[in-house]
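A.B. asks: Listed below, chain by chain, are the residues.
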Amino acid sequence: MIEFLLLSAVFGAGTIIAGWWCLPLIAALWCVVRRGLPWRAGAAAAVAWVVLPAFTLQWGPLSRLMPRIGGVLGLPGWVFLLLPPVYAWLLAWSAARVVARAPAQAD
Amino acid sequence: MLRRLGTAAAAVVLVALFYLSLAPPRPLPPLGPLLDPYHGALGVARSAELPRASAATIPRLSHPVDIRYDDRGVPHIFAQSEADAVRALGYVVARDRLFQLELMARSGAGTLTELVGAAALPLDREIRELGLPDAARRRLAQLADSQRVLLDAYADGVNAWIDGLGADRPLEYLLLGRRPARWSPLHSLNLLGRMGWTLALSDLEDLHERAAARLGQALADALYPVNSPLQEPVEPNGQSAARLDHPALPPPPATAALTHAPGPGDIDPGFDALGSNNWAVAPRRSATGHALLAGDQHLELNLPAIWYEAHLVVADSLDVYGVTIPGAAGIVIGFNRDIAWTFTNTEADVLDRYAEVVDEPDHPTQYRVDGAWRPLRLEIERYLDPHGRTIAVDTMRYTHRGPMTRDGAGWRSLRWTVLEAGGELDAFSHAARSHSAAAFLEAMAGYRAPAQNMLVADRAGTIAIRSTGRFPIRPAGRGDVVQRGDTSGSDWDGDWSLSEVPQSVDPVQGFLASANQQPIDPRMNDRYLGANWLAPWRAVRINELLRGDSAVTPDAMRRYQTDPVSAAAERFVPALLAAGHRYAADDTVRRATALLGEWDLRYTLDNTRAVLYENTMRQLGRLLWDELDSLPQPSGSLLAALLQDSTGAWWDDHRTPEVEDRDRLLARALAAGLTETIRTRGEPDAGGWRWEKIRHANIYHLLRIPALSALDLPIQAGQSTLNPSSGRGTFGPSWRMVVELGPEVHGWGVYPGGQSGNPASSRYLSGLEPWRLGLLDTLRFPATADGLGALEGSRLTLTPAGARR
Numbered sequence: 282m283i284e285f286l287l288l289s290a291v292f293g294a295g296t297i298i299a300g301w302w303c304l305p306l307i308a309a310l311w312c313v314v315r316r317g318l319p320w321r322a323g324a325a326a327a328v329a330w331v332v333l334p335a336f337t338l339q340w341g342p343l344s345r346l347m348p349r350i351g352g353v354l355g356l357p358g359w360v361f362l363l364l365p366p367v368y369a370w371l372l373a374w375s376a377a378r379v380v381a382r383a384p385a386q387a388d
Numbered sequence: 003m004l005r006r007l008g009t010a011a012a013a014v015v016l017v018a019l020f021y022l023s024l025a026p027p028r029p030l031p032p033l034g035p036l037l038d039p040y041h042g043a044l045g046v047a048r049s050a051e052l053p054r055a056s057a058a059t060i061p062r063l064s065h066p067v068d069i070r071y072d073d074r075g076v077p078h079i080f081a082q083s084e085a086d087a088v089r090a091l092g093y094v095v096a097r098d099r100l101f102q103l104e105l106m107a108r109s110g111a112g113t114l115t116e117l118v119g120a121a122a123l124p125l126d127r128e129i130r131e132l133g134l135p136d137a138a139r140r141r142l143a144q145l146a147d148s149q150r151v152l153l154d155a156y157a158d159g160v161n162a163w164i165d166g167l168g169a170d171r172p173l174e175y176l177l178l179g180r181r182p183a184r185w186s187p188l189h190s191l192n193l194l195g196r197m198g199w200t201l202a203l204s205d206l207e208d209l210h211e212r213a214a215a216r217l218g219q220a221l222a223d224a225l226y227p228v229n230s231p232l233q234e235p236v237e238p239n240g241q242s243a244a245r246l247d248h249p250a251l252p253p254p255p256a257t258a259a260l261t262h263a264p265g266p267g268d269i270d271p272g273f274d275a276l277g278s279n280n281w282a283v284a285p286r287r288s289a290t291g292h293a294l295l296a297g298d299q300h301l302e303l304n305l306p307a308i309w310y311e312a313h314l315v316v317a318d319s320l321d322v323y324g325v326t327i328p329g330a331a332g333i334v335i336g337f338n339r340d341i342a343w344t345f346t347n348t349e350a351d352v353l354d355r356y357a358e359v360v361d362e363p364d365h366p367t368q369y370r371v372d373g374a375w376r377p378l379r380l381e382i383e384r385y386l387d388p389h390g391r392t393i394a395v396d397t398m399r400y401t402h403r404g405p406m407t408r409d410g411a412g413w414r415s416l417r418w419t420v421l422e423a424g425g426e427l428d429a430f431s432h433a434a435r436s437h438s439a440a441a442f443l444e445a446m447a448g449y450r451a452p453a454q455n456m457l458v459a460d461r462a463g464t465i466a467i468r469s470t471g472r473f474p475i476r477p478a479g480r481g482d483v484v485q486r487g488d489t490s491g492s493d494w495d496g497d498w499s500l501s502e503v504p505q506s507v508d509p510v511q512g513f514l515a516s517a518n519q520q521p522i523d524p525r526m527n528d529r530y531l532g533a534n535w536l537a538p539w540r541a542v543r544i545n546e547l548l549r550g551d552s553a554v555t556p557d558a559m560r561r562y563q564t565d566p567v568s569a570a571a572e573r574f575v576p577a578l579l580a581a582g583h584r585y586a587a588d589d590t591v592r593r594a595t596a597l598l599g600e601w602d603l604r605y606t607l608d609n610t611r612a613v614l615y616e617n618t619m620r621q622l623g624r625l626l627w628d629e630l631d632s633l634p635q636p637s638g639s640l641l642a643a644l645l646q647d648s649t650g651a652w653w654d655d656h657r658t659p660e661v662e663d664r665d666r667l668l669a670r671a672l673a674a675g676l677t678e679t680i681r682t683r684g685e686p687d688a689g690g691w692r693w694e695k696i697r698h699a700n701i702y703h704l705l706r707i708p709a710l711s712a713l714d715l716p717i718q719a720g721q722s723t724l725n726p727s728s729g730r731g732t733f734g735p736s737w738r739m740v741v742e743l744g745p746e747v748h749g750w751g752v753y754p755g756g757q758s759g760n761p762a763s764s765r766y767l768s769g770l771e772p773w774r775l776g777l778l779d780t781l782r783f784p785a786t787a788d789g790l791g792a793l794e795g796s797r798l799t800l801t802p803a804g805a806r807r
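From first to last, the protein sequence lines stand for chains L and D.
Numbering (the working numbering) for the first sequence: 282 to 388.
Numbering (the working numbering) for the second sequence: 3 to 807.
Calculated from the structure, these hints are not laboratory results.
Given the structure is predicted, the values throughout are model-derived calculations rather than measurements.
Mixed in with the good hints there might be a few duds.
[Claimed, not checked] Facing chain L, according to a computed beta carbon distance under 7 Å, are these residues of chain D, among others:
| id | residue |
| --- | --- |
| 1 | 50 |
| 2 | 53 |
| 3 | 761 |
[What the hints assert, rightly or not] Simulated restraints on C-beta separations:
| id | chain 1 | residue 1 | chain 2 | residue 2 | range |
| --- | --- | --- | --- | --- | --- |
| 4 | D | 124 | L | 336 | 29 to 35 Å |
| 5 | D | 128 | L | 320 | 38 to 44 Å |
| 6 | L | 339 | D | 607 | 57 to 63 Å |
Glycine included, C-beta positions come from ideal geometry on N, C-alpha and C.
Go ahead and model the full structure; you've got the sequences and the hints to work with.
C.D. replies: As structure tokens, then:
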């Protein structure tokens, strides 16, 4: 559990420092070095991308932004809150899964 | 096997995600940067509100700058030098409006394709064919040191903000998958060119040429006249009411066969809402005994708005509050501790077209003047896409007059004051530091384009107006016809001198007003200044209101800005009713007459009769001007003049066997107007005729994204009212301001939008509702940095060196 939380923290810090593309790098690295399960990498990335805005955003601006950005994409505003963690999960999981070496690592 | 399939599936997902994240098919934005919860769209919410306190560094700043934002999000900039104040201005404008800065500069540079792709190629081509970017480049090379210093300083400020952004970007960049471009002084000059395009681009020659080809020269001259038949000029002419002249209108040619019957859909009187109002009242006609000034510029309405409020203070030299255009290195319209000023567009003709004789029909390299060949200046214009790939290449040709483009089988060059502008930056800088109306006019003497009716009032009680800019003198007398290019005798013969231009200082009538009308009564000065002027209905109404109020208050000035009465309706409705009564035997005419008779001539939100008048006038235009085919309808002031002639040949609708007179045609328009109104809006009192359901302001985001726009806003506005709105509702008052010049200067203002261009910000739409309701905010004008007191919302300190933000 601690490793999972640490991995989430690394994903969060990586996002702040480098942006979205650090997710597949961190996931792949963790999978190779720590022989972690790909789905756990995906879940940790998703958690990071849920927690990050929860810590950095205020409700006022978010409530104004959601319907507008949703409107831009032709989606309900709340969908835009779900998309980032789903995207993060897919990105981290797929990268980790591609580099996973031993059968035991596959989910 | 299963594992290999799983790995392959993961690889496919990974590749697909990278594809969607980096370079997805249009119109999808790159998903990675967009969904990033810190630097992406959600990150936009993080930077939406101003922090209580922040600090940043700007290169070349000479001293620290203290910036206090008030409760409306307006930055009050306290600096030690004008250059530092302008650096800070660039920084705070970029902080709130970075995407708008780049978009507007690119629209003036003809490089929108580099930001939004090939879809913008026609717009870019138009700008480059007009020679605007070329003129900006030449102007930059000739820029005076005093101007260059300010433009460099502004660029320092903008670029300091961009440098501090890191991976963050405004939402629009995320949607386009682009990064902000660095700012340069050339961008500011391109912006000035863009404003010239908005305010001073006319095509009178084309209109006149088409009219003459269809109707003959005499009729073209009469229908699109050099002088407005209705006179209420900017420079007071000593009359106590608007004067309607009765110009001779030759009959329509009997052979004017219609190839295309104009219908309601052909008529978009939207340009009526592209103009401005301003007026000033002398102390003896104001309730407080102080001079009052009001102004509202009618422009295309966008989100974010074209204006940005700011207050610049430099100890002992500058203390000015007002609005700037993102990209302009100073305050454009506003007030200081002694004066207030505002502009309306002159609508003067400052552009001429010349039919050139060239050496080769397709790829000319020379043109002939006075029997001798002169070389054309050739410039290669390259259009790039966002990835730097060339998508089109044009060869631009320039004569000594200006850019030359193909026109049908021939070539035409144009000469335009906007391409030869200069001195505006110094003029604005000096004007902001003026302490009297006279000093303001002196400071603005070097201003050339786009020409503006500059209205100023000061604390000593002086009010003054001057049509300021460069007004060329044509050897042929007029500029609304295509000139011969093969003779230098067609070239401009100097400009109007400052003493000749329309102007007035402290007039006997005690007030001054302008609303894009013909600036000077041709009986006072008949030198050509323009043609086919907008009908001066707004000017007529302003003058009516000011003549009838000898104790004007600031609040009355505010109410006048959204006055719902139409001076055009005041003139046309009695004629329609008289005609309706004459033909009351017809049931539809009788009903329409009764309904229109119930109208109070006001475009209030709950009004249920204005729509009938609007539709009736549209039908009248369709019936009356049937001979014009696809030509635009003549000005409403010509229609007012025509009403004096009850049996003239123009009243006959050529499409019917009978011969109509004025009243017959007006009655038919009434009946057609009622029929159209019932067809589109239902029965009169079923609710569909309420004005709030019909006339809306539509304020689009700069990228025309509906979700980021403010659409379908009911407004108390109508065609020809002081709060004009017509057609698509995309034009209207863009900055309403009222200033009282008492012992202390007090200002009120509002624009449709907010200081921030960030859609997540509480300051994105904060001015919209007061603007819609015709209310004004009190403008904070603190004398010291701590003067805001409890109204201070945020603080920003800029320093020349030290840790980065």
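A.B. asks: Does each hint fit the structure? Answer for all of them.
C.D. replies: Hint by hint, here is what the structure shows:
The interface hint given for residue 50 of chain D is met, as the beta carbon of that residue sits about 4 Å from the closest beta carbon of chain L, less than 7 Å. The criterion of a C-beta within 7 Å of any C-beta in chain L is not met by residue 53 of chain D, whose closest approach is roughly 11 Å, and the hint is violated. Residue-level restraint check for residue 761 of chain D holds (minimum Cβ-Cβ distance to chain L is 5 Å; threshold 7 Å). Residue 124 of chain D and residue 336 of chain L have their C-beta atoms about 46 Å apart, which leaves the hinted 29 to 35 Å range violated.
Remark: the range hint 38 to 44 Å for residue 128 of chain D to residue 320 of chain L is contradicted by a beta-carbon distance near 55 Å. Between residue 339 of chain L and residue 607 of chain D the Cβ separation comes to about 35 Å, which falls outside the hinted range of 57 to 63 Å.
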